[in-house]
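Asks: Chains as they are written, first to last, in my numbering: chain U, 25 to 331; chain S, 3 to 440.
Do not take every clue at face value.
Derived lysine to aspartate or glutamate pairs resembling EDC-like cross-links, with alpha carbons at most 20 Å apart [unchecked claim]:
#, chain 1, residue 1, chain 2, residue 2
1, S, Lys156, S, Glu124
2, S, Lys156, S, Glu138
3, U, Lys110, S, Glu209
4, U, Lys128, S, Glu18
5, U, Lys128, U, Asp115
6, U, Lys174, U, Glu154
7, U, Lys287, U, Glu244
8, U, Lys229, U, Asp79
9, U, Lys331, U, Asp319
10, U, Lys157, U, Glu103
11, U, Lys151, S, Glu18
12, S, Lys22, U, Asp115
13, U, Lys242, U, Asp222
14, U, Lys287, U, Asp251
15, U, Lys157, S, Glu209
16, U, Lys112, S, Glu209
17, S, Lys226, U, Asp94
18, U, Lys150, S, Glu18
19, U, Lys151, S, Glu138
20, U, Lys109, S, Glu209
21, S, Lys305, S, Asp389
22, U, Lys112, S, Glu138
23, S, Lys22, U, Asp222
24, U, Lys242, U, Asp43
25, U, Lys30, U, Asp94
26, U, Lys194, U, Asp222
27, U, Lys110, S, Glu18
28, S, Lys415, U, Asp79
29, U, Lys109, S, Asp333
30, S, Lys22, S, Glu209
What the hints contain is simulated information worked out from the structure, not anything from laboratory work. Predicted model only: the values in this text are computed from it and were never measured.
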Amino acid sequence: MLLQVKNVSKTFTGHQALDSVSLEVPRGSIYGLLGPNGAGKTTLIRIITHITAPDSGCVLFDGHQLTAADTSQIGYLPEERGLYKKMKVGDQAMFFARLKGLGKQEAEKRLRGWFEHLGISDWWNKKVSELSKGMAQKVQFIVTVLHEPKLLIFDEPFSGFDPLNAQVLKDEILRLRDLGATIIFSTHNMSSVEEICDSFTLINKSHNILSGKVSDVKHEFAQGRYDFLIEGDTTALIPALMPMVESHSFTEAEAGRSLLSVKLNPGVELRDAISAVNAKSTIVGLHENLPTMNDIFISAVNKANEK
Amino acid sequence: MSQSVTSIIIRREYMERVSKKSFIITTILVPVLMLILALLPTAIMLFATGETKTIAVVDDSGIILPSLESNDNVRFIDAWTSQENMLSNDSIYGVLIIERNILKRNSGLKLLTPNASSVSIESEITGQINKIIENEKLKAYDIENLDRILNEVKTSVTLQTLRTDSSGEEGESQSAAISSAIGTMLNFLLYMFLLMYGSLVMNSIIEEKNNRVLEIVVSSINPKSLMIGKIVGVGLVALTQIVIWAVIMFGISTLLLPAIVPAEMMAEAQAINAGSADLASTTMDTDLALALGMFTNIGFVMKIMCLLMLFLIGGYLIYASIFAAIGASVDNIQDASQLQTIGIIPIFIGLFSSLAVIADPNSTFALVMSLIPFTSPMVMMARIPFDVPIWQIAASLILLYLTIVLMIWIAAKIYRIGIFMYGKKPTVRDLIRWARYK
Numbered sequence: 025m026l027l028q029v030k031n032v033s034k035t036f037t038g039h040q041a042l043d044s045v046s047l048e049v050p051r052g053s054i055y056g057l058l059g060p061n062g063a064g065k066t067t068l069i070r071i072i073t074h075i076t077a078p079d080s081g082c083v084l085f086d087g088h089q090l091t092a093a094d095t096s097q098i099g100y101l102p103e104e105r106g107l108y109k110k111m112k113v114g115d116q117a118m119f120f121a122r123l124k125g126l127g128k129q130e131a132e133k134r135l136r137g138w139f140e141h142l143g144i145s146d147w148w149n150k151k152v153s154e155l156s157k158g159m160a161q162k163v164q165f166i167v168t169v170l171h172e173p174k175l176l177i178f179d180e181p182f183s184g185f186d187p188l189n190a191q192v193l194k195d196e197i198l199r200l201r202d203l204g205a206t207i208i209f210s211t212h213n214m215s216s217v218e219e220i221c222d223s224f225t226l227i228n229k230s231h232n233i234l235s236g237k238v239s240d241v242k243h244e245f246a247q248g249r250y251d252f253l254i255e256g257d258t259t260a261l262i263p264a265l266m267p268m269v270e271s272h273s274f275t276e277a278e279a280g281r282s283l284l285s286v287k288l289n290p291g292v293e294l295r296d297a298i299s300a301v302n303a304k305s306t307i308v309g310l311h312e313n314l315p316t317m318n319d320i321f322i323s324a325v326n327k328a329n330e331k
Numbered sequence: 003m004s005q006s007v008t009s010i011i012i013r014r015e016y017m018e019r020v021s022k023k024s025f026i027i028t029t030i031l032v033p034v035l036m037l038i039l040a041l042l043p044t045a046i047m048l049f050a051t052g053e054t055k056t057i058a059v060v061d062d063s064g065i066i067l068p069s070l071e072s073n074d075n076v077r078f079i080d081a082w083t084s085q086e087n088m089l090s091n092d093s094i095y096g097v098l099i100i101e102r103n104i105l106k107r108n109s110g111l112k113l114l115t116p117n118a119s120s121v122s123i124e125s126e127i128t129g130q131i132n133k134i135i136e137n138e139k140l141k142a143y144d145i146e147n148l149d150r151i152l153n154e155v156k157t158s159v160t161l162q163t164l165r166t167d168s169s170g171e172e173g174e175s176q177s178a179a180i181s182s183a184i185g186t187m188l189n190f191l192l193y194m195f196l197l198m199y200g201s202l203v204m205n206s207i208i209e210e211k212n213n214r215v216l217e218i219v220v221s222s223i224n225p226k227s228l229m230i231g232k233i234v235g236v237g238l239v240a241l242t243q244i245v246i247w248a249v250i251m252f253g254i255s256t257l258l259l260p261a262i263v264p265a266e267m268m269a270e271a272q273a274i275n276a277g278s279a280d281l282a283s284t285t286m287d288t289d290l291a292l293a294l295g296m297f298t299n300i301g302f303v304m305k306i307m308c309l310l311m312l313f314l315i316g317g318y319l320i321y322a323s324i325f326a327a328i329g330a331s332v333d334n335i336q337d338a339s340q341l342q343t344i345g346i347i348p349i350f351i352g353l354f355s356s357l358a359v360i361a362d363p364n365s366t367f368a369l370v371m372s373l374i375p376f377t378s379p380m381v382m383m384a385r386i387p388f389d390v391p392i393w394q395i396a397a398s399l400i401l402l403y404l405t406i407v408l409m410i411w412i413a414a415k416i417y418r419i420g421i422f423m424y425g426k427k428p429t430v431r432d433l434i435r436w437a438r439y440k
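Make the full structure from the sequences, and use the hints.
Replies: See below:
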């Protein structure tokens with residue numbers, strides 16, 4: 025584990041931002057930090073980046089208690105971010121690189137490399153005020169990853185990017201992961217979580233209510249949802265199936281087939297359901313109906329809020 | 003490591019501001035403007051005293067004209083005896099008509115002129131005629147030896163103040179007028195710098211917070227070091243500016259003054275500095291002699307400069323930390339206007355008490371205000387030209403620098419919380435709560 029957060033709590037003058045939150049980020053993985061607005065994600069990130077201190081609990085980085093010196097091993101791209109408007113892009117990138125402890129020559133060498141890699145070399149002498157939002161985001165991204173930290177934290181990295189540049193950035197994040205970086209990825213964009221995150225935690229109202237590997241949680245949340253592709257008459261099916269399912273629906277599929285989506289009652293085995301369907305019609309296809317991260321997010325948060 | 007990171011912040015802050023056009027322009031322009039302002043009255047005098055105005059006098063009373071004295075400004079001629087053609091002649095400025103019974107009526111005086119009348123000509127005429135009439139009236143009392151008595155009665159005293167120290171010996175010559183002028187100047191200089199550079203720190207922090215650069219910066223440096231780096235960076239800019247100004251001023255006083263002031267005046271000024279000449283023996287105005295003496299006295303100029311630096315840096319650090327805390331707490335400059343008064347009011351108190359202190363530099367009020375750290379930089383600098391006991395200066399500086407440590411500590415606490423607070427316009431109570439927050 026590169027990062028372990030243990031029972032971290034933080035209260036701001038009367039408002040509890042985090043209540044005993046724990047999480048573990050495996051080395052070399054992409055970890056999603058999800059949650060509705062105001063759930064406490066930014067506070068948690070600020071604790072991990074050593075910007076604020078927790079009231080109680082602890083943060084272990086690379087096996088030891090997190091210290092100020094570790095910030096040189098962390099790169100953080102905040103959600104709300106800006107640059108000095110009147111500075112030149114190159115000077116500004118150098119300033120941030122030097123803040124991260126890189127020597128002058130090393131900083132310039134790496135920056136030139138990255139600028140070339142992302143095709144923005146001719147921006148070096150431009151003023152930041154001349155850049156569009158997306159362009160500025162690219163510079164901020166470079167500045168975040170330049171010192172090759174062990175832990176990278178991206179908060180809504182794709183906001184402000186067109187789909188093309190978002191793809192470029194996504195590829196870069198995956199490349200950095202392959203090069204050995206561990207990445208924490210905070211976003212509201214659930215489809216990107218599905219695409220790139222290995223595991224995640226969901227924070228709601230200062231608690232984490234759901235954590236685990238994306239694939240595990242998806243199966244857990246499937247809860248007996250299956251799609252049967254059926255050939256032939258389906259009228260006889262319903263009475264046989266009714267005792268086993270909580271809900272069901274039919275949709276017309278091509279070539280006279282129909283798609284039967286069911287949610288099994290708790291305790292009903294899949295093979296019993298298959299037998300029941302098989303007895304009345306021909307099964308052409310069957311697969312487990314996994315929920316999207318979007319569904320999981322909504323149902324988990326709603327369930328937590330009902331309590 | 004954190005130290006070198008702070009130096010990167012200082013460097014950026016400094017380079018960014020010093021390379022700005024506006025900085026370069028004000029740094030060069032202000033001393034030039036001040037020099038022009040200082041020289042303007044002299045220049046105007048030089049150019050204004052060009053020609054002598056000729057006034058033809060028609061004196062029906064018969065007693066005024068013989069006593070009118072022509073000088074560099076005005077030449078009086080008798081209209082009747084003069085060969086010059088009145089009014090049509092360009093060489094005549096105007097015709098002065100004096101009526102017969104002017105002695106009794108105090109009126110009946112007319113100046114006819116095709117030109118625009120000038121105040122200096124008018125005061126010259128009325129001044130002379132007033133004196134003549136006064137003399138004529140006195141003569142009417144028939145006093146013996148009147149002329150001699152009148153001459154003896156005429157008085158113009160000069161006051162020379164000599165400061166005595168505890169040994170009872172005479173100290174350096176001092177003029178309260180010159181000290182007041184220097185005190186007022188130093189006071190305004192401090193006022194200007196504290197307000198200007200204090201709000202510069204505030205605006206710079208607001209801007210960083212507002213465009214969210216701060217969010218990126220604080221991921222590499224702790225907020226306290228960032229705040230201190232910012233204050234020091236802007237402070238160095240202020241110092242650069244004042245050093246450049248000081249060098250220009252110093253150059254003027256040591257090179258330019260001796261070059262433009264006549265040699266005999268310089269010699270006298272230097273003699274006064276050396277203590278070998280007595281003020282009473284100078285041929286020029288005593289204030290002018292003392293002023294020249296002060297500005298060409300390198301020891302005195304250096305002492306003022308050194309103390310100015312110490313109080314300027316101290317005052318700046320106190321107010322910069324107050325303004326830094328305010329800047330960190332608000333989202334934009336509009337929201338800052340109310341909280342700013344926390345910093346502005348003590349500066350104004352300092353300014354106005356200094357003006358009172360200059361009138362009476364050794365009062366208890368002066369001593370108290372020059373010891374209180376928030377007003378001491380301004381009030382003490384206003385007092386220093388009057389020669390303040392060394393223990394008072396030392397006490398004032400110690401109190402000032404101890405308070406700075408405290409203020410920076412408090413400001414850093416507010417700053418640390420404030421920079422992440424968005425959306426809500428904070429009150430003074432919020433700031434106090436943040437300062438006490440663990």
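Asks: A separate judgement is required for each hint: does it hold in the structure or not?
Replies: Structure-based check of all given hints:
Among the hinted pairs, Lys156 of chain S with Glu124 of chain S is inconsistent with the structure: their alpha-carbon atoms are about 24 Å apart, more than 20 Å. Taking the CA atoms of Lys156 of chain S and Glu138 of chain S, the gap is near 17 Å; set against the 20 Å cutoff, the hint holds. At most 20 Å may separate the alpha-carbon atoms for a hinted pair to count; Lys110 of chain U and Glu209 of chain S meet this at roughly 11 Å. Between Lys128 of chain U and Glu18 of chain S the alpha-carbon distance is near 18 Å, which keeps this suggested pair within the 20 Å criterion.
As the CA atoms of Lys128 of chain U and Asp115 of chain U are separated by approximately 11 Å, the hinted pair is consistent with the 20 Å bound. With a C-alpha separation of about 32 Å, the suggested pairing of Lys174 of chain U with Glu154 of chain U is violated against the 20 Å cut-off. Our distance criterion of 20 Å between C-alpha atoms is met by Lys287 of chain U and Glu244 of chain U, whose separation comes to about 13 Å. The straight-line distance between the Cα atoms of Lys229 of chain U and Asp79 of chain U is roughly 17 Å, inside the 20 Å bound, and the hint therefore holds.
A distance of roughly 19 Å separates the Cα atoms of Lys331 of chain U and Asp319 of chain U; the hinted pair therefore holds under the 20 Å criterion. Distance restraint check for Lys157 of chain U and Glu103 of chain U: the Cα-Cα separation of roughly 13 Å lies within the 20 Å cut-off, and the hinted pair is therefore satisfied. Between Lys151 of chain U and Glu18 of chain S the CA atoms are separated by roughly 13 Å; this keeps the pair inside 20 Å, and the hint holds. Restraint check: the Cα-Cα separation between Lys22 of chain S and Asp115 of chain U comes to about 15 Å, which is no more than 20 Å; the hinted pair holds.
The straight-line distance between the Cα atoms of Lys242 of chain U and Asp222 of chain U is roughly 12 Å, inside the 20 Å bound, and the hint therefore holds. Using a Cα cut-off of 20 Å, the hinted pair Lys287 of chain U and Asp251 of chain U holds, with the two alpha carbons roughly 9 Å apart. Restraint check for Lys157 of chain U and Glu209 of chain S: satisfied, since their Cα atoms lie roughly 18 Å apart, inside the 20 Å limit. The straight-line distance between the Cα atoms of Lys112 of chain U and Glu209 of chain S is roughly 17 Å, inside the 20 Å bound, and the hint therefore holds.
Taken as a hint, the Lys226 of chain S and Asp94 of chain U pair is honoured in the structure, with Cα atoms around 17 Å apart against an allowance of 20 Å. For the suggested pair Lys150 of chain U and Glu18 of chain S, the alpha carbons sit about 15 Å apart, so the restraint of at most 20 Å is met. Distance check on the hinted pair: Lys151 of chain U and Glu138 of chain S sit about 82 Å apart at the alpha-carbon level, beyond 20 Å; violated. At most 20 Å may separate the alpha-carbon atoms for a hinted pair to count; Lys109 of chain U and Glu209 of chain S meet this at roughly 10 Å.
For the hint pairing Lys305 of chain S with Asp389 of chain S, the CA-to-CA distance comes to about 11 Å; that is within 20 Å, so the pair holds. As the CA atoms of Lys112 of chain U and Glu138 of chain S are separated by approximately 83 Å, the hinted pair breaks the 20 Å bound. As the CA atoms of Lys22 of chain S and Asp222 of chain U are separated by approximately 49 Å, the hinted pair breaks the 20 Å bound. Using a Cα cut-off of 20 Å, the hinted pair Lys242 of chain U and Asp43 of chain U is violated, with the two alpha carbons roughly 26 Å apart.
Between Lys30 of chain U and Asp94 of chain U, the direct Cα distance comes to roughly 17 Å. Compliance with the 20 Å bound is thereby established for this hinted pair. Restraint check for Lys194 of chain U and Asp222 of chain U: the C-alpha separation of about 14 Å stays at or below 20 Å, so the hint holds. Of the supplied pair hints, the one linking Lys110 of chain U and Glu18 of chain S holds, its CA atoms being roughly 9 Å apart against a limit of 20 Å. Taking the CA atoms of Lys415 of chain S and Asp79 of chain U, the gap is about 16 Å. The hint holds against a cut of 20 Å.
With a CA separation close to 17 Å, the supplied pair Lys109 of chain U and Asp333 of chain S stays within the 20 Å bound. Between Lys22 of chain S and Glu209 of chain S the alpha-carbon distance is near 17 Å, which keeps this suggested pair within the 20 Å criterion.
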